[in-house]
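Using the sequences plus the hints, can you model the full thing?
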Amino acid sequence: SAVISQKPSRDICQRGTSLTIQCQVDSQVTMMFWYRQQPGQSLTLIATANQGSEATYESGFVIDKFPISRPNLTFSTLTVSNMSPEDSSIYLCSVDPGGQGARGYTFGSGTRLTVV
Amino acid sequence: GNSVTQMEGPVTLSEEAFLTINCTYTATGYPSLFWYVQYPGEGLQLLLKATKADDKGSNKGFEATYRKETTSFHLEKGSVQVSDSAVYFCALKAGTALIFGKGTTLSVSS
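If you read the sequences in order, they're chains G and F. For the first sequence, our numbering begins at 126 and goes up steadily by one. For the second sequence, our numbering begins at 1419 and goes up steadily by one.
No lab work stands behind these hints, which were simulated from the structure alone. Worth double-checking, as some hints may not be accurate.
[Unchecked claim] Label-pair distances were calculated between CB atoms; the ranges are: (1) F:1428 with G:239: 18 to 28 Å; (2) F:1469 with G:141: 44 to 54 Å; (3) G:181 with F:1470: 25 to 35 Å; (4) G:194 with F:1485: 18 to 28 Å; (5) G:200 with F:1423: 28 to 38 Å; (6) G:204 with F:1421: 42 to 52 Å; (7) F:1513 with G:190: 43 to 53 Å; (8) F:1528 with G:188: 27 to 37 Å.
[As the list claims (entries may be wrong)] Computed footprint of chain F on chain G; a stretch qualifies when at least three of its residues, placed anywhere within it, have a C-beta under 8 Å from a C-beta of chain F: (9) 156 to 168; (10) 187 to 199; (11) 231 to 240.
Being a predicted model, the structure only gives us computed values, none of them experimental. Beta carbons: idealized from backbone N, C-alpha and C, even for Gly.
What follows is the structure in structure tokens.
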């Protein structure tokens, strides 16, 4: 299965600033997914990123707040913009290396963000 | 729409007890179903999966059977260990991404 390197692993940021999270995959994948896991909660899909096109955002998430880049088939970034304490969460990227969920989805180790 | 409902936690068991974590889903068609586990301080790991009705996924002594008639995918283990203490998430593949249940925390004591 694919191996994902996600960084930073954690950060403490001031409100009003932005943080960019990077995910690097060791194989080419068509789609990359970004999730948010708020404290004590489940994972919520933020957006799906395809190489060469704009990301598709889920209801409640907008590009101005969570801009995503996908410059090639092994890399993506998620930026959390103009942060507030409510953005404190774990952010995870995920890929489907086998396609169609055949081998299960692989997740990065997550970025634990605290906004103060 | 698509959704996953898991039993509320936390679940507290003694070592060697039998475990069941209930999971039911709502979806159009026949989605693939997954159980993921998140050990303390670690990332999310795939535990097992099933892609069609009556499939049984299994791994590390855990099992779950895809029941179309009851739209369920309950997780079971015959004898839990302290090392099984973690948060367990049921998920379904809807379109291209996963939709997760709220997670069930399992705590096993010796």
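How the hints compare with the structure:
About 24 Å separates the C-beta atoms of residue 1428 of chain F and residue 239 of chain G, a value consistent with the hinted range of 18 to 28 Å. For residue 1469 of chain F paired with residue 141 of chain G, a C-beta distance near 45 Å keeps the hint of 44 to 54 Å intact. Between residue 181 of chain G and residue 1470 of chain F the CB atoms are about 27 Å apart, so this pair conforms to the stated range of 25 to 35 Å. Roughly 41 Å separates the CB atoms of residue 194 of chain G and residue 1485 of chain F, a value that falls outside the hinted 18 to 28 Å.
At about 35 Å, the CB distance of residue 200 of chain G to residue 1423 of chain F agrees with the hint of 28 to 38 Å. Between residue 204 of chain G and residue 1421 of chain F the Cβ separation comes to about 29 Å, which falls outside the hinted range of 42 to 52 Å. Taking 43 to 53 Å as the suggested C-beta distance range, the pair residue 1513 of chain F and residue 190 of chain G does not conform, at roughly 22 Å. At about 50 Å, the beta-carbon gap between residue 1528 of chain F and residue 188 of chain G misses the expected band of 27 to 37 Å.
Under the rule that three or more residues need a Cβ within less than 8 Å of chain F, the assignment of the stretch 156 to 168 of chain G holds, with 5 such residues. Using a Cβ-Cβ cut-off of 8 Å, 0 residues of the stretch 187 to 199 of chain G lie near chain F, which falls short of the minimum of three, so the contact claim is violated. Counting residues of the stretch 231 to 240 of chain G whose beta carbon lies closer than 8 Å to any beta carbon of chain F gives 5, which reaches the threshold of three, so the coverage claim holds.
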